[in-house]
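A.B. asks: Listed here are the chains, written in short residue letters.
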Amino acid sequence: MAKLLVTNAILLIITFQTLSGQAKSSCDCESKINSGPFLSGELFIPAVPLDVKTYFNRDWLLSDVYIANGEIVRNKYIKYNRLLDELFWLEPSSNKIIKLDKEGILKFHFLNVQGDTSVYFRKLKVKRDIFTDSSEIYGQEIYHGKLSLFILHTFYIEEREIISMNKGIFQKDIYAEAPIYFLKLMNIKAVGFKNLNRKNMYAFVPDKKEQIKRFFKQIKQSKIETYPDIILLMKFLNSIVEK
Amino acid sequence: MKTVLVTILLFLNTFLSVSAQKNDELLKPERVYLHTDRNIYIAGEHLFYTLYLHGSPGQISNFAYLLLRDRHNHSAANVRLEINNQIAFGSLFLSDTLSSGIYQIVCYTNCMKNEGEEAYFYKEIIIVNRFDEKMNLFTGPGNAAASDTSFAQNTGIIKTTENLIIHLNKLEFDQREKISFSLESNFLPDDSIAHLSVSISEILPGIPVEPSISEYFGNSHKNSDMGVLNRNQCSFVPEINGPVMQGKVLPMTLSDSINTNARNPIKNYTVLVSTVDSIVNMQFTTTDSLGSFSLILNPYYNGKELIVKLKGNVNSTIFTDDKFSIIQQFTPSGLFNVAGLKDYIIRTGRIAQIQKFYREQTAIITEKEFLPSKTIPRVFYKQYSTIFPSDFLELEDFAEISKEIVPLLKVRKIDGKFVSGYQDLQDQTHINIEPTIFLDGVPIDDVNQIINLGSSKIKRIESLPETRFYGEISFSGILAIFSKDLEINNIQFKTPAIRYQALSSQSYTKPEPFKPTDNPNHFPDLRQLLLWEPEIILKKNEKKQIECYASDLQGIYRINIQGISFNGSTVNGSAVFIIQSKSK
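Those protein sequence lines, which keep their order, are chains A and B. Take the first sequence: its position 115, counted from the start at 1, is 1444 in our numbering, and no numbers get skipped. Take the second sequence: its position 561, counted from the start at 1, is 721 in our numbering, and no numbers get skipped.
If we strip away everything but chain A, and leave its shape as in the complex, we get:
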């Protein structure tokens, strides 16, 4: 009988302590108040399903989104589609895909892309060709400095396949990547190049031709394509460009 009483007492105390502990951690603190900032966008229902290859990240990844009013919306699941150059948010309560207002975003940061915590995209105003007005794009920030480098991940249709599915015939576009590199000097407009080759660098810094020539000779390549070489080039360009 005494044993039973003691056991009951222990159980009672443990239950009480557990409950009180839970009560402490489940109340409304300031950190738990959801007062924004909030993401804004429109419901995205594409007419034709998007090719998964065109997404920068196939899975929804946690990210911080820096919105136009200077606030940061933290820890949201987003996907960036390179073909559309649009950012999508997986709205958690309805599980719907929202295309975020590009006008309302300054930049976004994928917190972890396969171990890489430094993947940033920044909104840039660029002139893609001489015939069109300036437009806003999301450029992946590759190098940040006096002279910064951004990549706009674009695609072109490499080939078209006719496929039959569900007793119907469809045309499927096969896309191939065609990145555009944007060099941006401080607050000056970004200048785009299809390649980071010697000729384009001459055009970008015409008065430093000799130094550029020496640089390309040194690295024994006429076109920069790999990430370490891009960083080398950016460090070099930052050393020669004037404020």
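It is worth saying that the hints were derived from the structure and are not from the lab. The beta carbon of each residue, even a glycine, is placed where N, CA and C say it ideally should be. Some clues are possibly wrong.
Result set (EDC-like, lysine to aspartate or glutamate): computed pairs, CA atoms no more than 20 angstroms apart in a straight line [stated by the list, open to error]: (1) A:Lys1408 to B:Glu632; (2) B:Lys534 to A:Glu1432; (3) A:Lys1518 to A:Asp1462; (4) B:Lys542 to A:Glu1420; (5) A:Lys1456 to A:Glu1420; (6) A:Lys1425 to B:Glu632; (7) B:Lys644 to B:Glu560; (8) A:Lys1546 to A:Asp1536; (9) A:Lys1405 to B:Glu632; (10) A:Lys1431 to A:Asp1445; (11) B:Lys542 to A:Asp1462; (12) B:Lys619 to B:Asp551; (13) B:Lys542 to A:Glu1465; (14) B:Lys542 to B:Glu632; (15) B:Lys542 to A:Asp1536.
With the C-beta cut set under 8 angstroms, the calculated list includes, among others, these residues of chain A facing chain B [claimed, not checked]: (16) Ser1364; (17) Gly1365; (18) Glu1371; (19) Asn1398; (20) Ser1423; (21) Asp1430; (22) Ser1551.
On the provided structure of chain A, position chain B as indicated by the hints.
C.D. replies: Frame of chain A; chain B shown alone:
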């Protein structure tokens, strides 16, 4: 077996208690202390203050509230203070119309409300209206309370509780003589700096010295029943990241409209907050199981009138917290029942009249202003189409406007009521749901509230005929109408809605230091406040030199210094000197 079980029981209890203590270690209850330049004022003067906040480092409130009330508990002034480095300073203008009497200053943070009003800081002051010649209120008996005895002692550390050394080279100064002294503290921890406030003002002997910051914080923490505060269980949220608006949504019942506690709460309802603007703006939150809601207000809303409403239509009432409501009644303590007080305040009143005659006014320097932020919580950034009705032929009402100039919007009349809707929304499941209509930046209930607005009353229309999301809220299209004459003010909401005045923080102000060159020699210098410095930074072992000038008023003056260091240790010191006539 019994012994084993008892041992387990004791072990578990000890372990859980220790871990609970560890969790709470960081959460000291907050306390505030207010240092004022004086404690007797004439209506029409400024009251200068520095507020000190003591609490858990890193988890300390950023806002405090200061209320000045009279003996009838009527508020004479109330302000919100923004705290930086545990202090806030500024001034209150004591209106010319205030009647003579004893007033009470009450200071607290939102977090302190959880401990009850006993935790608040209270201080009594006298405000005298110079047109009140009889001063009958101040004819109390002599007071036997402990008086300011500091004059009897030497300069330097005066009381045992004082840890600030004031090096004052003499105790008697001539009229208009330069007063110079230095102060230092060896009690500050290494690499620590203290923020101090310094006042030098005339005193009336006999009025008890108010507790110093060290005494006050020491006593108030000792007296605190809780010892530590479990902030997870706060019903008043600590305002660390911004000002918090709290409230409750309760169903409206005819039989029981007053007793709010007896009603069933409105759970999981979305509360919308927005203000009248040329941009559609909004913050929202949801009610919890008790019908309560909390919202960290965006700095953009500071000082603006907000419209708080429910998203759904439910027969209920919204209650919001009043930051300045105090239940405890103010009863003057008799602190100022001192012989000679009446004569002193009559003299003070006359001084104020002479100062007015010579147009001597305290010039105020604004050190920091807290302007509303420009970061608007915009509901949308995308511009689908903006329509200016003035570009078209004049249309009589909104039914015509929607038909003629707003693409994709349909307004129909069903059973005598107008219903609006966008065609071809992406999400066909929302086909019969009306778009959310904003008038002058604020969401309204439906199109019937704007149906009478014709082209002549509408400045512009923004239309987004798509299923929109703003955070977790979805809209079956957005229609934003901006009127020429703020028609939102004429709207009668069908869903529960209230207007809420968001507070703005008071600017950091201080009096301009007196310069003898600014005062002509033939003008009397009748300053009773010789110096008020609300924020002086003192390092350990640093000797800080402070200077001011004696006025023409002969009397006893007190240097009163209070302060706090970054790690929360308090410093204070005081000294008393006399100003006497040059001829003496």
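A.B. asks: Are the hints correct? Go through all of them and say.
C.D. replies: Evaluation of the provided hints:
1. Annotation: proposed proximity of Lys1408 (chain A) to Glu632 (chain B) holds, straight-line Cα distance about 18 angstroms (limit 20 angstroms).
2. A distance of roughly 17 angstroms separates the Cα atoms of Lys534 (chain B) and Glu1432 (chain A); the hinted pair therefore holds under the 20 angstroms criterion.
3. Among the hinted pairs, Lys1518 (chain A) with Asp1462 (chain A) is consistent with the structure: their alpha-carbon atoms are about 13 angstroms apart, no more than 20 angstroms.
4. Distance check on the hinted pair: Lys542 (chain B) and Glu1420 (chain A) sit about 18 angstroms apart at the alpha-carbon level, within 20 angstroms; holds.
5. As the CA atoms of Lys1456 (chain A) and Glu1420 (chain A) are separated by approximately 32 angstroms, the hinted pair breaks the 20 angstroms bound.
6. Annotation: proposed proximity of Lys1425 (chain A) to Glu632 (chain B) holds, straight-line Cα distance about 10 angstroms (limit 20 angstroms).
7. Taking the CA atoms of Lys644 (chain B) and Glu560 (chain B), the gap is about 18 angstroms. The hint holds against a cut of 20 angstroms.
8. Of the pairs offered as hints, the one joining Lys1546 (chain A) and Asp1536 (chain A) holds, with about 18 angstroms between alpha carbons and a cut-off of 20 angstroms not exceeded.
9. A threshold of 20 angstroms between alpha carbons decides the hint, and for Lys1405 (chain A) with Glu632 (chain B) the separation of about 12 angstroms falls inside it, so the pair holds.
10. The suggested pairing of Lys1431 (chain A) with Asp1445 (chain A) is violated, with an alpha-carbon distance near 24 angstroms, which exceeds 20 angstroms.
11. Note on Lys542 (chain B) and Asp1462 (chain A): the hinted pairing holds, with a Cα-Cα distance of about 18 angstroms set against a maximum of 20 angstroms.
12. A hinted pair counts as satisfied when its Cα atoms are at most 20 angstroms apart, and Lys619 (chain B) with Asp551 (chain B) qualifies at roughly 10 angstroms.
13. The suggested pairing of Lys542 (chain B) with Glu1465 (chain A) holds, with an alpha-carbon distance near 13 angstroms, which does not exceed 20 angstroms.
14. As the CA atoms of Lys542 (chain B) and Glu632 (chain B) are separated by approximately 18 angstroms, the hinted pair is consistent with the 20 angstroms bound.
15. Between the alpha carbons of Lys542 (chain B) and Asp1536 (chain A) the distance comes to roughly 42 angstroms, so the proposed pair goes past 20 angstroms and is violated.
16. Checking Ser1364 (chain A) against chain B by beta carbon gives a least distance of about 4 angstroms; that is within 8 angstroms, so the hint holds.
17. With a cut of 8 angstroms, the hint placing Gly1365 (chain A) at the interface with chain B holds, because the nearest CB-to-CB distance is about 5 angstroms.
18. The beta carbon of Glu1371 (chain A) is positioned within 8 angstroms of a beta carbon in chain B (closest approach about 5 angstroms), and the interface hint is therefore held.
19. Hint on Asn1398 (chain A) holds. Least Cβ distance to chain B is approximately 4 angstroms, under the 8 angstroms limit.
20. Because the beta carbon of Ser1423 (chain A) sits about 7 angstroms from the nearest beta carbon in chain B, less than 8 angstroms, this interface hint is met.
21. Because the beta carbon of Asp1430 (chain A) sits about 4 angstroms from the nearest beta carbon in chain B, less than 8 angstroms, this interface hint is met.
22. This hint is violated: Ser1551 (chain A) has a C-beta 43 angstroms from the nearest C-beta of chain B, more than the 8 angstroms allowed.
Hint check: violations occur at hints 5, 10, 15, 22; the rest are consistent with the structure.
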